[in-house]
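Participant: Keeping their order, the protein sequence lines are chains A and B.
Heads up: the first sequence is residues 34 to 530, going by the numbering used here.
Heads up: the second sequence is residues 8 to 323, going by the numbering used here.
Keep in mind that the hints are not guaranteed to be accurate.
Said to hold, decoys possible - Pairs of lysine to any residue, SDA-like flavour, derived with a Cα cap of 25 Å:
| hint | chain 1 | residue 1 | chain 2 | residue 2 |
| --- | --- | --- | --- | --- |
| 1 | A | 83 | B | 206 |
| 2 | A | 113 | B | 212 |
| 3 | A | 83 | B | 215 |
| 4 | A | 83 | B | 216 |
| 5 | A | 159 | B | 170 |
| 6 | A | 113 | B | 216 |
| 7 | A | 83 | B | 212 |
| 8 | A | 113 | B | 207 |
| 9 | A | 113 | B | 206 |
| 10 | A | 83 | B | 210 |
| 11 | A | 159 | B | 169 |
| 12 | A | 159 | B | 195 |
| 13 | A | 159 | B | 146 |
| 14 | A | 159 | B | 114 |
| 15 | A | 113 | B | 211 |
| 16 | A | 113 | B | 192 |
| 17 | A | 83 | B | 211 |
| 18 | A | 159 | B | 211 |
| 19 | A | 83 | B | 207 |
Said to hold, decoys possible - Stretches of chain B that chain A covers, calculated by requiring three or more beta carbons in the stretch to come under 8 Å of a beta carbon on chain A:
| hint | region |
| --- | --- |
| 20 | 146-158 |
| 21 | 182-195 |
| 22 | 198-212 |
It should be emphasised that the hints constitute simulated quantities derived from the structure, not laboratory data.
In this text, a Cβ means the ideal position worked out from N, Cα and C, and glycines have one as well.
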Amino acid sequence: MTVVPLFELRGISKEFPGVKALDDVSFEIRAGEVHMLVGENGAGKSTLMKILCGAYRADRGSFFNNGEPVTIHDSTAARKFGIAVIFQDFTLVPYLDIAQNIFLGREFSSRLPGFIDRRRIHAEAKRVLDMIGFDIDPRMPVHGLGVAQQQMVEIAKALSQDARILVMDEPTAALSDRETELLFAMIARLKKNGVAIIYISHRLSEVFALGDRITVLRDGSNIASLLPAETTPDQLVTLMVGRPVDTTYTRPSRPTPGAVVLDVKNLSGPSGFSDINLTVRAGEIVGLSGLVGSGRTEVARAIFGADRVTAGEIRLFGEPIGGSTEISALRGMALIPENRKTQGLALARSVGDNIVLAGLRKLFPSGFFFPGRAMKAARAIIEKLRIATPTLRRPVATLSGGNQQKVVVGKWLNADARFYIFDEPTRGIDVGAKAEIFRLLDGLVHNGAAILMISSEQIEIVHICDRAYVMRSGRIVGELAHHELTEANIVRLGIHQ
Amino acid sequence: MSTRGFSLAALPVARVPGVAIVLVVLCAGFGVTSPGFATPANIANILTQSTILLLLALPMTVIIMTEGLDLSIGAVLTFASIVLAVTVIATGSPTLAFLAALGVGLCFGLGNGVLIAVFDIPPFITTLGTLGIAQGLSLLVTDGQSVVGIPRSIEQIYSGTAAGIPFPIIIAALAYFITHALLYHTRFGTYVFALGGNREALRVAGISVRGMLIRVYVFGGLMAGFAALLMTARLNSAHPTAGIGMEFDAIAAVAVGGTSFERGNGWLLGTLLGVIAVGVLRNGLNLLAVPSSVQVACIGALVIVALFIDGMRAER
Chain A
34 MTVVPLFELR GISKEFPGVK ALDDVSFEIR AGEVHMLVGE NGAGKSTLMK ILCGAYRADR
94 GSFFNNGEPV TIHDSTAARK FGIAVIFQDF TLVPYLDIAQ NIFLGREFSS RLPGFIDRRR
154 IHAEAKRVLD MIGFDIDPRM PVHGLGVAQQ QMVEIAKALS QDARILVMDE PTAALSDRET
214 ELLFAMIARL KKNGVAIIYI SHRLSEVFAL GDRITVLRDG SNIASLLPAE TTPDQLVTLM
274 VGRPVDTTYT RPSRPTPGAV VLDVKNLSGP SGFSDINLTV RAGEIVGLSG LVGSGRTEVA
334 RAIFGADRVT AGEIRLFGEP IGGSTEISAL RGMALIPENR KTQGLALARS VGDNIVLAGL
394 RKLFPSGFFF PGRAMKAARA IIEKLRIATP TLRRPVATLS GGNQQKVVVG KWLNADARFY
454 IFDEPTRGID VGAKAEIFRL LDGLVHNGAA ILMISSEQIE IVHICDRAYV MRSGRIVGEL
514 AHHELTEANI VRLGIHQ
Chain B
8 MSTRGFSLAA LPVARVPGVA IVLVVLCAGF GVTSPGFATP ANIANILTQS TILLLLALPM
68 TVIIMTEGLD LSIGAVLTFA SIVLAVTVIA TGSPTLAFLA ALGVGLCFGL GNGVLIAVFD
128 IPPFITTLGT LGIAQGLSLL VTDGQSVVGI PRSIEQIYSG TAAGIPFPII IAALAYFITH
188 ALLYHTRFGT YVFALGGNRE ALRVAGISVR GMLIRVYVFG GLMAGFAALL MTARLNSAHP
248 TAGIGMEFDA IAAVAVGGTS FERGNGWLLG TLLGVIAVGV LRNGLNLLAV PSSVQVACIG
308 ALVIVALFID GMRAER
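Whole structure, please, built from the sequences with the hints as guidance.
Facilitator: Here's what the structure looks like:
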């Protein structure tokens, strides 16, 4: 059967410095279908969607609108073809009402110049909201709405601009079960109206429940185009993860694990995790895996004392801690956050300043700052971690991602940390520098430190960790010993079945 | 959640009591302590004296809603007042003088807006700079002296009445309704909410963020020009230090009124109540013969108390 697709991308390639993000990828979307786009983190899904909506320009490839060749230079062009993305960080104005948000920039004029026709805006908004079956007063201000409702407003906004193709990137990530049901009902309604939906998801249950077709991306290439009825979840997982092993890093032999450094018992907290039990021993790298949003970062923050805990116990070197980041840091714990630029570094300050930041109390017990002593300490760290910087005085912002990450680690090394939590240590770091980061972790454990490492990339966990915990929906759903540590096992445990 | 009207939908309901409670407590307190407070003549006096502050606090609300600030507004008022007085003495034309005052406001507003929107200089720094410039020009032109000898026609704008209502109150009421219409019933107002709430949303909608920001500060400058007319009429002269500290009162009134400095969460009626609260406080302290230096401290305390009440309510 030959159906002219609503929109088609053919032979799309896109390269970023050092990374081939997309290699000859083709993708088509038909009216009234839900097209699931699946693949591991870094497979190229987001890049492909950004090219579709005009945020990135493809290096090579062509676009077809209803079979006619077209070009997409920017987001305006994409909008002209009816392509709309439901952003995760919503483009809503909190203290305007729903209707004003839907028609922001396209207000209906009243007879007086510059004045707006409120009544018409509300009536039109009501019409759009009815169309998607969202029963809410369009005069409600947006700031009082929950995430799910805001998402609905975003969808209404897109549809009011005559969108024919909606891109939804993990739309259920922040939704409750009930809200998810409502979203699915709305998607069914949109389909009936001929709207096409590109749906990115990591949840297998959604992929099979919702999808009319499935496209699998892996390492920037099309791997398969499937029909859900002819595919099993296991086949899909295999297609998603089945790739040759990354050879840039070989795991050295590790020391025999020593004493228990971190011991967490029955930890629960209001930020969305419960009954967490885990241990980390000296000389050990333990993975904490699971999907984005499964509660990994929240657990890490709670262990470090940055978030509140409602039940359970955290022991570091046998002594109970918790609730205070200062105490955690003083006792030798370090948290290397996911977003080093906003949470781990003073970007405008020099490499030297950043390195001594967490160890000031140790270096300068008198409270007075001596530049010579600080520089000496910083130089020792730079040498130890082989941070590539011309001088100590270079602002951290000018360093590469890998070297910035080393500065964050150096900061804690200087503060005599012996237990490290790494949250996505390789995020935003190019492939070559990743191996360098892994060697850095190796070095730390060889010197007797213990590491808890969070990563969304299963292959990293498999490569580096001695064992791993897998989280799902705020709980640890399994522990994988070293011989059980495979990508397929992690994915199977972590994904909603 | 209120659904009765358009402007009510944008109203941060939880904040109403902060300023209302403060106003009621102040009135009750002064009513008990000073016999002269709760008289019709004194209440009319409070309202009349609050008009100049209201003309500054209205645009200040709009500016603060865009996560901005205008420290220059009092100094611009002063300079516009001096230009007005000098012009009317030189030409004898009150109309021309008024237009000159508006011109001064327009220039400073445009200058502030362009520096902030186009050159990305933070509003605090920009308007601190233009505050200095306007204040310096005022002292330069007058050599530190008052400008006197302006015609009675100007003075009557402050002292005159229509149907028994003082002119300043009519002007202030008009200014309030115009600002209300601008904020809640025009595109400009809609985009003011977005400038503070989510600039990215404006950009995505294809609206010029810079253009809107410039307009916001021009509005502030023009209102300072209007306020200069009332100020000159009230003093029957222009004085180079007349507007010093008025930006403080204006920002205080906006803060007392419950407008937040973040996310475009503003409330114009709150500003009106905040202005009256500041006026009541000053008037009541005057009646109690409290020196003006202490009055400034009391206004500072008023801001903290009002925001404390709002904060307590938000906690729950």
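Participant: Confirm or reject each hint.
Facilitator: Hint check results:
no.: 1; hint: 83(A) with 206(B); result: holds, 21 Å
no.: 2; hint: 113(A) with 212(B); result: holds, 13 Å
no.: 3; hint: 83(A) with 215(B); result: holds, 23 Å
no.: 4; hint: 83(A) with 216(B); result: holds, 24 Å
no.: 5; hint: 159(A) with 170(B); result: violated, 45 Å
no.: 6; hint: 113(A) with 216(B); result: holds, 22 Å
no.: 7; hint: 83(A) with 212(B); result: holds, 18 Å
no.: 8; hint: 113(A) with 207(B); result: holds, 20 Å
no.: 9; hint: 113(A) with 206(B); result: holds, 22 Å
no.: 10; hint: 83(A) with 210(B); result: holds, 17 Å
no.: 11; hint: 159(A) with 169(B); result: violated, 45 Å
no.: 12; hint: 159(A) with 195(B); result: holds, 23 Å
no.: 13; hint: 159(A) with 146(B); result: violated, 58 Å
no.: 14; hint: 159(A) with 114(B); result: violated, 43 Å
no.: 15; hint: 113(A) with 211(B); result: holds, 14 Å
no.: 16; hint: 113(A) with 192(B); result: violated, 29 Å
no.: 17; hint: 83(A) with 211(B); result: holds, 15 Å
no.: 18; hint: 159(A) with 211(B); result: holds, 22 Å
no.: 19; hint: 83(A) with 207(B); result: holds, 17 Å
no.: 20; hint: 146-158; result: violated (count 0)
no.: 21; hint: 182-195; result: holds (count 5)
no.: 22; hint: 198-212; result: holds (count 10)
Comparing the model with each numbered hint stated earlier shows that hints 5, 11, 13, 14, 16 and 20 do not hold.
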